[in-house]
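Asker: Here the protein sequences come in this chain order: A and B. At position 51 of the first sequence (counting the first as 1) the number is 51 in our numbering, and the numbers step up by one without a gap. At position 6 of the second sequence (counting the first as 1) the number is 1006 in our numbering, and the numbers step up by one without a gap.
The hints are simulated quantities; they were obtained by calculation from the structure and are not laboratory data. Each residue gets a CB set at the ideal place from its N, CA and C atoms; glycine is no exception. All the pointers check out, no bait thrown in.
Only part of the chain A face toward chain B is listed, based on derived beta-carbon distances under 8 Å:
# : residue
1 : Leu3
2 : Gly52
3 : Gly64
4 : Val68
5 : Met75
6 : Val124
Straight-line alpha carbon distances no greater than 20 Å define the calculated SDA-like cross-link-like pairs of lysine to any residue that follow:
#  : chain 1 : residue 1 : chain 2 : residue 2
7  : B       : Lys1085   : A       : Asn30
8  : B       : Lys1085   : A       : Ala32
9  : B       : Lys1162   : A       : Phe72
10 : B       : Lys1071   : B       : Glu1041
11 : B       : Lys1162   : A       : Val73
12 : B       : Lys1085   : A       : Phe21
13 : B       : Lys1332   : A       : Ala156
14 : B       : Lys1071   : B       : Ser1255
15 : B       : Lys1010   : A       : Asp4
16 : B       : Lys1332   : A       : Ile157
17 : B       : Lys1075   : B       : Gln1263
18 : B       : Lys1085   : B       : Met1257
19 : B       : Lys1085   : A       : Pro28
20 : B       : Lys1010   : A       : Ile2
21 : B       : Lys1085   : A       : Ser18
22 : B       : Lys1085   : A       : Ser27
23 : B       : Lys1071   : B       : Ala1260
24 : B       : Lys1085   : A       : Ala24
25 : B       : Lys1332   : A       : Arg161
26 : B       : Lys1010   : A       : Val6
27 : B       : Lys1085   : A       : Ser34
28 : B       : Lys1010   : A       : Ile7
29 : B       : Lys1332   : A       : Met153
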Amino acid sequence: MILDVVIFYGAALVALVSGLFVIAQRSPINSAFSLIITMCSLAVMFAMLGSGFIAALQVIVYAGAIMVLFLFVIMLLNTKQDEGDRGGGIGRAGIALGIILAVQSVMVVWKGAAGLPAKHAVTVSADVGRGLFASPRYLYAFEATSILIISAMVGAIVVARKEKEKGK
Amino acid sequence: MELLLSPGNKELAIDALIAILKIAVIFNALLGLFSLMTYIERRVLAFMQFRRGPNRVGPWGILQPAADGIKLFFKEEVMPEGAHKFLFFAAPVVAIITAYVSLAVVPYGGPLVIPFYGQVTIFGRPIDLQIADLDVGILFIFAITSLGVYGIVLAGYASNNKYSLLGGLRSSAQMFSYELALGMSWVSVIMAAGSFRLGDIVATADRMNVWVWFAMQFPAFIIYMIAACAEVNRTPFDLAESETELVAGFHTEYSSMKFALLQMAEYINMITVCALASNMFLGGWLSPLPGILPNSPLWFFAKMLFLLFVFIWIRATVPRFRYDQLMDFGWKRLIPAAALWVVFFSGMTAFFGEKKSPPTTTAAVSTMAPVGQVSR
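My request is simple: use the sequences and hints to build the entire structure.
Answerer: As C-alpha cells, then:
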C-alpha cells in the first residue's frame, strides 16, 4: 500500500509540474514535450486505478499519435519562440476561468467526494470489448462515433485537396 | 516499522526482489546481445558482400564490439552550437528507455525448468521467464514503441542542423505511417487468441499446433515484418539517416556515448520486434516438432536470432527506397493490404471460428494488482 501512495503522489507531482510547464514555457517544443509527460503520468493514474487498457490507450492515442502530429507541425514551421504576447483579454479570461475551476475542485475535495474505491474499477480489456459490443447499450453510440470520426477524416481530406487544386 | 513488516509487504518485497533480479538479468543479457549483434551484422554483411569484415580484434574479430565501446568512451562529446541543450541530452535517454521498457512484457519462455533439476523457485515462487505479465501486453508494447519516435524526433530537432531536422521529420512521418500497418497486422493474432496477453497467444498456438498457427497468420506475418522493418528504420526504410542525402540524418551531430546510445536503441528495437514476431507468429518457445522435441526457451531465442538474421539479410539485399516511394508503399499498398486481411480474417473467424467464450474475467482480475503487475 505504501508503494501505491508513493507512486500516486509521484505521478501526481510529475503531472502537475509538467502541466504547469505546458503553459509556462516560451518555446512551443518544450510545451509539447511537457504535455507528453503530463499524458504519460495520467496513464500511470489509470493503470493504478486498475484499468491498464485505458492507460495503454491514453499513451497510444494522446502521447503517441496526437502529440507526434503536434511536434511534426511545430518542427515543420520551426518556430523557436512564441511571438505573440500572452496578456490581453484572452489571458485575463484564462486566469478567471482557472480561478473558478480551482475553487470548484477545492469544494469537491472539501465535501469529501472521493469517488469509488479503486478496487471496484478494475477492468480487463476483454470486459471493455464485451461492454461495448455485447449489449446495445453502448453499441449504437460507439458505431455512431466511429462514423462521425470517419466523416471528419474524409472532410479533412476533401478540404486539403481543394486547397491544393486552387494552388495549381 | 510494524507496517513495513506486515505479511502483505513481505510478499510485495519478494515480488519486487524477483522482478529486480529478472530485470537485471534481462538488461545485461540484452546489452550482451546488442554488442554481439553489431559484430554479427558487420560480419554477415561482409560475407554476403564477399568481404572479410572485422577480423583483427580477438579470435575471428569477436572482441570488436568491446574495442568499439572503449573507443566511443574516449571520444570527445561535441555539443553543436545553438543546440537545444536539454533536449539534446534527453533524446538518447528517451530512445534507450523506450527501447528497453517494451521488452518488459515479452515472455522468453514458460516457467523456468532446468533439465535434471526441475522447476526453478526463489523463496518458494516458481519463476516465469517474463518480467511483467500484463493483461494489455501487446497494447503496452504498442504504446511504448509509439513513444520511441520521440527519441529520434527530438534528436533531430535539438541538434539545430537542417540535415538532422530533415531526418527527424522524415522518421516521424515514416514511423507514424507504418505504425498503422504494424498495428493492423496484430489484429488477426489478437482475434484468434482472444487476448492481448503474449503468453495467451503462444498458448493458442500450442493448442492449434505451431505450424497451423503459422500458416494461418502468414499474411499478417509478412505485413508485420515489412512494417517492423520500417518502424525500426532498417535499411530499405532507413530514410531517417540515409547517408547519401542527409549525412547521417538525426544523429549527424551526435558523438561519443550519446551516439552509442542512439545506436543501441536502434538495435534493441530491432531485437524487440524480432522477439515479438517470434512470440506472436512463430509460436515463441514452442518446439517446431511438437511431441518429438521438448518446448524450451532456446526455441524462442533460435527463432528470434533467425529473424534478426533475416533483417541483416534484407539489408544486404535490398536498396533504399526513395522517400515518395516509401510513403506510397506505406499508405497505398501496405495499409490497404493489412485492412483487407483484417476484414477477411474477421469474416473467416465469424463463419468458421470456434465459438469460444472469452477468457474468464476472474482469472484475469486476480492478476491485475493495482500497481505494476509483477508476474511470479
